[in-house]
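Protein chains in written order, with my numbering: chain A, 1 to 697; chain B, 1 to 227.
Treat the hints as calculated values from the structure; they're not laboratory data.
Here the structure is a predicted model, which is why all the values come from computation and not from measurement.
Please note: incorrect hints may appear among the correct ones.
[To be verified] In the SDA-like style, the derived pairs of lysine to any residue whose C-alpha atoms are separated by at most 25 Å in a straight line are:
{"no.": "1", "chain 1": "B", "residue 1": "K7", "chain 2": "B", "residue 2": "S155"}
{"no.": "2", "chain 1": "B", "residue 1": "K13", "chain 2": "A", "residue 2": "G618"}
{"no.": "3", "chain 1": "A", "residue 1": "K650", "chain 2": "B", "residue 2": "F113"}
{"no.": "4", "chain 1": "A", "residue 1": "K190", "chain 2": "A", "residue 2": "K313"}
{"no.": "5", "chain 1": "A", "residue 1": "K488", "chain 2": "B", "residue 2": "E74"}
{"no.": "6", "chain 1": "B", "residue 1": "K55", "chain 2": "A", "residue 2": "K313"}
{"no.": "7", "chain 1": "A", "residue 1": "K313", "chain 2": "A", "residue 2": "S214"}
{"no.": "8", "chain 1": "A", "residue 1": "K512", "chain 2": "B", "residue 2": "H129"}
{"no.": "9", "chain 1": "A", "residue 1": "K650", "chain 2": "A", "residue 2": "L664"}
{"no.": "10", "chain 1": "A", "residue 1": "K262", "chain 2": "A", "residue 2": "E278"}
{"no.": "11", "chain 1": "A", "residue 1": "K91", "chain 2": "A", "residue 2": "E164"}
{"no.": "12", "chain 1": "B", "residue 1": "K13", "chain 2": "A", "residue 2": "S214"}
{"no.": "13", "chain 1": "A", "residue 1": "K643", "chain 2": "B", "residue 2": "N177"}
{"no.": "14", "chain 1": "B", "residue 1": "K168", "chain 2": "B", "residue 2": "R188"}
{"no.": "15", "chain 1": "B", "residue 1": "K55", "chain 2": "A", "residue 2": "L664"}
{"no.": "16", "chain 1": "B", "residue 1": "K55", "chain 2": "A", "residue 2": "G545"}
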Amino acid sequence: MDKKSPQISAEDVLATCSAACPVHTDTREYVQRLSRGDYEGALDILLEVNPFPSVCGRICHHPCESECRRKAIDSAVSLRMLKRFLVENTKEYRIARRKKPAESRAGSVAVIGSGPGGLTAALDLALLGYRVTVYEKDSRLGGMLAHAIPRYRLPVEALAEDIEDILAAGVEVRTNCEVGRDISLDELQKENNAILIAIGLSESHSLPIPGVESQGVFLGTTFLWDIANGMNPELGDRTLVVGGGNVAIDIARAAKRLGPSKVYMACLEKREEMPAWEWEIDEAEQEGIEILNSWGPKSILEENGKVTGIEFKSCVSVFDDQRRFSPSYDESVTTSVEVDSVIIAIGQKADLGFLAKTPVVAERGRLICNRTSMTTSERGVFACGEVMTGPGSAIQAIATGHDAAKVISHFLETGETLELPQRAVTTIGELPAATAALAKRFERVEVSLTDPAERIKDFSPIEPGYSEAEALAESRRCLACATGAVLKSAAHCAGCLTCVRICPFGVARVEKTAVMPAQQCQTCGLCAAECPAAGIALSRFATNGMKDTLGAILSKSDASKIARPFVVSYCCLNETTSRKFLMEQTEEEIRQSGILRVMIPCVSRLSTLDLLSPFELGADKVCVIACSENGCFYPGAEELLAKRVNRARKFLDQIGVGQNNLQLFKTEGSAEEYWPRIWEEFRSASEKTVDRSELAQ
Amino acid sequence: MIIADPKPFGQVKGYVESFEKILIVGCGTCTTVCLAGGEAEAQILASGLRIAFGKDGGSKTILEDCVQRQCDEEFILPILSRVENEKIDAVVTLACGVGLNFLADRLGKVPIFPGLNTTFYGAAVGLGHWAEMCAGCGECITALTGGICPVARCSKHLLNGPCGGSEKGKCEVDPVNVDCVWQLIYDRLKKLGKLEDLQNLLPAKDWRTASDGGVRRTIREHIYSPK
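The shape of chain B in the complex, shown without the other chains (with noise of 0.2 Å):
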């Protein structure tokens, strides 16, 4: 799941205050899930920026909004209608980067301003409280680490570990919150018997399935139609 933080109040609010009408808009799925961008927090914030206008003597009128996911074109088309018959002036997206990409490709001239920031791919490790796991690299090497990712999850991205920094199975970068992930890889591996695997080197990474030869696009041929 993508794992995003609600953006400070005041930016939010710089981004939008030259405009009047202003249309925020929830995502049902991933933010709703990390508790930052659901249909809650979209009422949480167009009231915030209700009472803060209010509070300096404007007159904007802010609106509420909230699809089940923003990165799909048909739960968005009743946004943009909305964006067009209401004569919104700006969006506020309260979904990941996915979204708020998606929904500016088929805004027109709408502006439309980030209400989060999106941190990374992770899940919930306890009551509100999320961890990075995956980052979406392109060519998953966890067969080799018995399932536990070091290129998220350790603070170097180290392919061969654990490097000085690893003191009592936590790392040096927060000691109190941030496990070392090959103390993590060892334990598991010694549970799986396979501690062995530790004695083989991992090569140097092929890097470019995470970033190389632009934007990266997936095809299912079996169901794939060009438009």
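Chain A with its partners taken away, still in its complex shape (with noise of 0.2 Å):
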């Protein structure tokens, strides 16, 4: 937080998810457009920014989540299972919205490599009206996603998705074309007015340890290559990878599927360091795979020839006192473990031997590159992705993958180095926990691996998605940050401490007039319906325009052929498990049923005026339907909306109308099938009260 003032508007500042993304995904507005049922617009935000997010909602490590303000009450928002639903429930959308480029322009652009960082910089640059083409030294496209993870986490299908909608942009692909054996550097130049060395970290670094040649020693990438190519490596029976990171676990994981008996880890880093994630390391070792910690490798252990062991050497530290890589050992300690195979997983470099006679220099096994302007020693060639950064996740190749497009449409259109400005990311800041201590829990929703001793029989994903219900109760644990209370104007507020007294969270304030800080605003909206001065405006959906909302709709409809009792149901859009009564209402629908649904994030934000709207816009009834019993995210909402219905329906007995006309509901059980119970016995009451054992029946 670096402002001054403790009044945010959305538009100031990122949500912590969004800012923590590499490419800034939307996150905040793709979720509360699921939690709405609009899956497609929700697919749209996905897309604006990130062409890979059918991979990412299978492989993204997710530093949205890792960075989730619901982290200070309960647990992270599950945000990639959502991506993964998302694209999993929009597959003839995504296929139906595919863009070509509005315009041609002049330029060609060579591509080296179709990873992550490769394909997002081309589709970016063929979007810009570019004729580009990719080259890929493989039969497959992909890069990385395609060779080294394995299947269990990233099904080919998933991939594909991703590169088809990809290409249908417009980008050429030429594969099994390796640049330097295939096509050459020089005529590649000569082609194309720029081009894009988007190679990554393909190959393996080895060991420069004793028997690191013997039969049974295998380098990294190569294993995942060949396994991903369906030409499996034989292992023997007991194997051991070396390293400590996600791809040595990815090795493990995929050599158990093998069939040894036994697969060992060793690492020089405690568990604690390892730079594995968490909970990678968790399901490593939920299939059997043992972890052997603080240590490094000091020979393989062979006889004739054939891998019979691998010795090890105390590992002390792993880091200097300025946290670089040092590994300190202690020699007089060491252990050696009998194996058959192993496999070295302790790094990648790039291949850069294609490289060799142009003027694209590099050194020491690394290409020379700018980072902030993407270019590499000779004009008009340009790197993204980790051959540029070292080491990274597919999100930050995708990130660079745009920053490449940028530079390099910059110097086509003008000939000139674009230096790209550093962002500095303002963010909303942590929830404080004082906030956080007044929120109701909700636990996240999990879903159950596939039983480990199942998992480890073949390379079938081990992960299920969400079923519809699952997202949509997921998504609505989001806080949907920043997205609250905003007092309309000074001039509004007579300072009378209403939303002080009602706020649930103590956030509203009055300081001179109210205030309710965007990093505390849990957008309850109870403030702004109890508001006197009708001051408060919400900027996630505004009930103050309710009046209107309706009257948009049933101008529409034609308020007179509406069938009638005609019914407005405001309705907990939080208690919905599928999109049957999300999915907007047509007019003839209305006309029929004789019932206007209106969703609502929590009816606790409804206002007196919102209760008596309806009738004035023509409705004979208006029902509220609210979660069910304490199902609420707001403590003591729903009896301050118990209330307000309470003083609605007095007030409408005064003007005439009878009270019985306005009724709130709770919601048991399955909204789609106990709302419709209410609306055909509220419907049919005649000036009483529906009660609820009538619905049970």
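From these two lone chains plus the hints, build me the complex, please.
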């Protein structure tokens, strides 16, 4: 937080989830759209910045979740799973929405490498109208996504969805075409106006220890490539993987699926220092992989040229005082493990052989490039992805792909280098502990992975996706940060303190006028509903405009043709478990059913005026269907709503409308099953209160 | 702060049913704070009238507005313009009696009706709960009663209490909800170490400051400028 004003509008700052995402996905917006049943709109948000949502829905390391502000209350929203749900449920729409470049521009670009960075840049440039050709040395596109990530984590189909989408924009590809072998860099330079090197880090580092040439020693990426291409390496019964990173975990788990009775991992780091993600380590251990921490390989033991074991020396520390990698050992403490195969997964490097005898400079196995302009030593030759940044994630590579497209486009238009501005991201900051303590806990919807004993049998995906009900439930855990209450103007506020007194989270305060700091506001809308000056707006689902919204719907439906009695039903959106009631009603449906549904993320934000407005617009009855008993996200909201409805009912009696034409219901069981019963009973009940027991029948 | 309560809807409806174009005017100060007459209440009353008159088959126009304070000329000028320009037939105000009178004085031939009953000068003693604290008597005696006013807060306005109706700290008028103010005064003086003050009988109050001499007026000489 670097603003002095406690009142922050949604435009000012990024939610922490979006800030953490390398491509700044508008996470809050796609989750909110999902929660309203607008899966297509949510996909649009994803695809704006990420051409690999199917891949990321499966394998992203989800920095968004790591920074989710809900962690202060219970646990992060399961954003990766929500993303996966979206792409799995919008496949037809995704094909239908594919874009072609609006115009074609002069300029052609060769992209070397078809990993996430290269394809992202290719797509961006193609959509800008340039001619783009991707050169891939392999037969399949995707780079490490296609060859290094085991299928139990990333099914081929998920990657194919993303790639097909990208190619549909007009990106040309030449597979089985290795630059430096099948075509020279020089030729590419002659044929194109710019070149992007996006070759990733496709080769494994080896170990300079005795025995490394023995039969039964494999290099990590080669091992994974062989598996991905259906050429399973022959492992002995006991296998050991050297390395403690995510690739090492993938390799160990892949090895386990090839049949060895014992798979070890050995790494320099202590358990808590391991660079692999914690959840990956847990899943590996569940599969029976034994991790040997704080050991450095000393020699690979062999007999007759075949691996028989590996000897380790004790690793005392991995990093120096400046946190630089600088392992130190106690050579007097050693151990050895009897194994038949050793797989080396201690890191990757770029295959830069094709740059020999070209003007593009590489030194000590590294491509020389400028990270802010993405340029190499040769004019018109750019770099992105891991070859530029070093080891990273898919989503980081995608982010650099976008950047590469920007600098290349600039170069093609102006002939000049573009220094990308360093973006300072301001975020809304953490959810204050005092606010979090007042929020209700709603546990994250978890899915059960396939049983470890089953999943090690083959490479079948081990994680089921969310059902629709699960995805909707999880999406509603999103706090929709910074979309809460905002004072319309200081002149509106009498400083009456009503907002301060009813805010369930102790957020609102009066500093001459009301202030609802965005970092704390939980967007319940209670203050807006109760403000006697009608002076508080909600940036998410503003009920202040409810009358206009209803009026607009009814003007289309011609109120006089609607079946009587005509009921306006305000419904708690959070109770729906499918899109059945989330989809916009057709005019015909409203006319025939006599029911106009208004879906609201918590009906407690309805003001007294909102309860009366439907009658003004011609409704005969109004029902408010709240969540299940004690199901509300907002403490005290159910009681306040009940009081407000009672007040409106008494007022309706005075008006002469009759209080029973407005009723508050609680959802019992499934909304999809229970709500129609409410509507039926409520429409047929004349001037009496509909009893809960009648609905139960 | 001035506290007011909404009048029964039927009464307000009765006031205006012979008019066609009616303007409901909320007040953005005291009656907003006591949740009786702010912009939200103006919208609710207007909506109620539209529903009620619509039900009766009428075709009236009900408009609403709200100003910061109805007891100051500058704030009500937009309302006066609106009444004239939009040819309003009648005004219902959700201000206290002060705003009502002030507006009435300036509305010419257009009738004005109260939407509220002005009740007392009070304070919020809880959420949605106000209690009388001052009677505006014109001569404050609370220096002698620990800062607690018997004129406003004693059911009998006794200057020397309590009476025989005080039981367990409550007033016989409403033993559940009404405190005996003389019990409060006693407790307060005890805390202040001034219980001996109760030995002195308060003299009969000079009520001329409360009601004598016609309409009460106040002038601040340092800024006063006769029109």
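Problem set entry | Distance restraint between K262 (chain A) and E278 (chain A), which requires alpha-carbon spacing of 25 Å or less | holds, 21 Å
For this session: Could you grab the alpha-carbon distance between K190 (chain A) and K313 (chain A) and see if it respects the 25 Å cut-off?
Result: Not OK: K190 (chain A) and K313 (chain A) at ~53 Å, beyond 25 Å, violated.
Exercise. Regarding the pair K488 (chain A) and E74 (chain B), is the alpha-carbon distance no greater than 25 Å?
Worked result: At roughly 22 Å apart (the allowed maximum being 25 Å), E74 (chain B) and K488 (chain A) satisfy the hint.
Problem set entry | Hinted pair K55 (chain B) and G545 (chain A), Cα distance within 25 Å | holds, 24 Å
Exercise. Between K650 (chain A) and F113 (chain B), does the CA-CA distance stay at or below 25 Å?
Worked result: Between K650 (chain A) and F113 (chain B) the Cα gap is close to 23 Å, so the pair holds against 25 Å.
For this session: Measure nothing beyond the straight line between the CA atoms of K313 (chain A) and S214 (chain A); if it is 25 Å or shorter, mark the hint as holding.
Result: holds, 20 Å
Problem set entry | Hinted pair K13 (chain B) and G618 (chain A), Cα distance within 25 Å | holds, 20 Å
Exercise. Hey, K7 (chain B) versus S155 (chain B), does the alpha-carbon distance stay inside 25 Å?
Worked result: holds, 24 Å
For this session: Decide if the proposed pair is consistent with the structure: K512 (chain A) and H129 (chain B), CA atoms, cutoff 25 Å inclusive.
Result: The hint holds at about 22 Å.
Exercise. CA of K13 (chain B) to CA of S214 (chain A), is that 25 Å or under?
Worked result: violated, 99 Å
Exercise. Given the hint that K91 (chain A) pairs with E164 (chain A), does the C-alpha gap stay at or below 25 Å?
Worked result: Within the cut-off at roughly 12 Å; holds.
Problem set entry | Given pair status - L664 (chain A), K650 (chain A), alpha carbons within 25 Å | Answer holds: K650 (chain A) to L664 (chain A) is near 13 Å, not above 25 Å.
Hint compliance for this structure: hints 4, 6 and 12 are broken, all remaining hints hold.
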